[in-house]
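Protein sequences, first through last, are from chains A and B.
Numbering-wise (our numbering), the first sequence opens with residue 1 and increments by one.
Numbering-wise (our numbering), the second sequence opens with residue 1001 and increments by one.
What the hints contain is simulated information worked out from the structure, not anything from laboratory work.
Careful, some of the hints might be misleading.
Stated by the list, open to error - Going by beta-carbon spacing under 8 Å, a handful of chain A positions derived as facing chain B:
| id | residue |
| --- | --- |
| 1 | Arg65 |
| 2 | Thr358 |
| 3 | Thr413 |
Note that CB positions come from ideal geometry on N, CA and C, so glycine has one too.
2 protein chains.
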Amino acid sequence: MTRVINWPALSVSEQQAALARPKLADSAALGEQVRAIINTVRQQGDEALVAYSQQFDGLTANSLRLSVETKLAQLNKLLPERKAAIELAYDNIRKFHAAQLPRDIEVETSAGVMCQLRSRAIAAVGLYIPGGSAPLPSTVLMLGVPAQLAGCERIVLVTPPGKPEAGDIAPEILYAAELCGISEIYTIGGAQAIAALAYGTETIAKVDKIFGPGNRYVTEAKQQVSQDARGAQIDMPAGPSEVLVLADNSANPAFVAADLLSQAEHGPDSQVILVSDSTALIEAVQAEVASQLAQLPRKDIAAAALSHSRYILTADLAQAVAVTNAYAPEHLIVQTAADDELTAQFNSAASIFVGKWTPESAGDYASGTNHVLPTYGYSKTVSSLSLADFYRRFTVQTLTAQGMRNIGPAIVTLAEAESLDAHANAVRLRLAELNNVEG
Amino acid sequence: MTRVINWPALSVSEQQAALARPKLADSAALGEQVRAIINTVRQQGDEALVAYSQQFDGLTANSLRLSVETKLAQLNKLLPERKAAIELAYDNIRKFHAAQLPRDIEVETSAGVMCQLRSRAIAAVGLYIPGGSAPLPSTVLMLGVPAQLAGCERIVLVTPPGKPEAGDIAPEILYAAELCGISEIYTIGGAQAIAALAYGTETIAKVDKIFGPGNRYVTEAKQQVSQDARGAQIDMPAGPSEVLVLADNSANPAFVAADLLSQAEHGPDSQVILVSDSTALIEAVQAEVASQLAQLPRKDIAAAALSHSRYILTADLAQAVAVTNAYAPEHLIVQTAADDELTAQFNSAASIFVGKWTPESAGDYASGTNHVLPTYGYSKTVSSLSLADFYRRFTVQTLTAQGMRNIGPAIVTLAEAESLDAHANAVRLRLAELNNVEG
């Protein structure tokens, strides 16, 4: 059974250690390996892409782009119940993100000085959908819906070729993509796919920004291409997924245990934390975790994650909130008798799940919020993925002659104060012309 | 006289070369030097900070924080005309940014499923104001006004100690900071200041995000701390400043020349481009540049920048727009007989200056728009600095029992499709409890 941490008994440095995240492996070997893959794709294009896909992903075809025939054949296999569930999730995600449409702003700051802030969709975006043991249609929706709503000119989806042969992309993924209006799909994955998106090949035109989760090769490749001005921007920094559940003795221990386990099954490096002011609740949850864990197909993964989970006992709920804010969790579940009051006090979580009927699974799939979230403490500064991430903002200003008369002298004064005489001169010339016209 | 590039006569690769930006020096030596400074500040704190400031910036005092006495003494030296100009700029910048206040969003996506997108100011921000030959009060306003409007809990300003002695921070900088409500000011600069902001020292508490321009040491240090989850986020990637002027034969050559020169005087690496469909306009501008240049105090810097400037002659204005969009300039000035029509077609500039009465200086100082802008082609994806950069967005969801009944079954179906059984189980348990209550 996991050790319970008695928070008030810890020193400040012990408290910091109790909330510390695992140090991410900073592998120079991984960096070099990924750099070599990226360089090879940049130099050899499609040829390298096919070779790497055969080597790493068992690609058997020579075609990188998913054909319409293959897509339709796969879509025919979709179970009606799954089709309906994907549609429900799509609808909710779309409703929530559609409410985020940016508004252009226009302000006349001084008479004759019009300033605008405009938003425009990023032209070409690449969506990375991991392969692996199970398809992830939910991630297609989380990335595809905002790209569709923003109206990006090109939405490119890449995902590793399925088994047993290339093109066996899961029908759930293809249907989610279909709803999002995505028709440009390539069956590639790994660092080579990120390289192709960032720099382009003969078949795949370069994109401007890359979104989506992936394994450590994908994460490293995203990091590398984002450091190159000729590469591509990325959605956000990556890290292991996390949940912090804040519960008091009014919570249902079975629900809390299920919520902890649903984070733990993501991977052995998942971070799972329970914070409570109630010893009874913590003990009941521990018993529930043990009994539910035994039933899970992915119990080995969950058990590995649970081995470094933390149960933190606080003196009261105010201290529990302080612990939560210091940790800055990716997912924060709150199940107490004072949920609304506490929710107003959280200042660093990326996504908050309020009350006994709101498990993390709701946001992972179908509540409508985005499940692409900053983790590893980044949520103190990095935003949860939203429609805004698919836009760029730029400004437009227009001065009339009157506007120049009104603010020109101040500009000259400031430019002189900054010893930028050419800046002043660009205004002096115009003020002189205005005086000539009037004179 | 700068060579004129006849755009239609170029091959595609020659066109790409004509718009290529200078390769940024990727100096391993600089990286190592900055890494050493950062590590020393992390290990030795204030002691290292003082030592570096004495070594690099001629700091003579031991005190890092600007005292109230010194500040008041300096403010007394502010010329009334400059005070008024700073106030005008402050007012306009504030009006434009206040119009950008984020609105929280709440959507009921399915009955009983409430989803919220909330914005909250980043708690602690650090503003870097470069020192050098002239003070930059305008940069204080561009960073300080949105930080003040967002309501960041801590706004920390750092700027290199002035000459001849520490604490001789220009009154213009201090007055701009005063208007923005900034009271925590440290007289430090360079990579050591970035390290102190990102990691904290005994005197300076760590911040969450660092804003502002700087020399190559500062830029490299910002880059390095932003790569560390324990460091700090930064505003945007850096690069040399740029202007592209698109003008036809209706433009005033003296104005165009002055606008090109005001970019050229920023530094020898400034990028200056004129695009026009008129040979006559290009020739007239070249003559004007030569005559105005001779009068400038910073003519050596401007001449160096002009030596790699480009005058591009296009077949028509449509082609001029295409060239502009391909280049994606930081600053885009348009002075033609069809300004409004063209402005609607620009899809990649960071800030657009429309018409003869709108020089770049207007946006640099006092129109109200922000002068912190993505450059080096980043404006295709990176936004101009705006109020949003001082906030983080997060989501909150709350399901009622009815909400769980409505979307729970779809969540179970999707979780099963993704082989995430614990995710499904967190919902199955809740649906079972609801059935029990009803049964």
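Consistency of the hints with the structure:
The restraint placing Arg65 (chain A) at the interface with chain B is violated, with a minimum CB-CB distance near 24 Å, outside the 8 Å limit. The interface hint given for Thr358 (chain A) is met, as the beta carbon of that residue sits about 4 Å from the closest beta carbon of chain B, less than 8 Å. Hint on Thr413 (chain A) holds. Least Cβ distance to chain B is approximately 4 Å, under the 8 Å limit.
Of the numbered hints stated above, the single one contradicted by the structure is hint 1.
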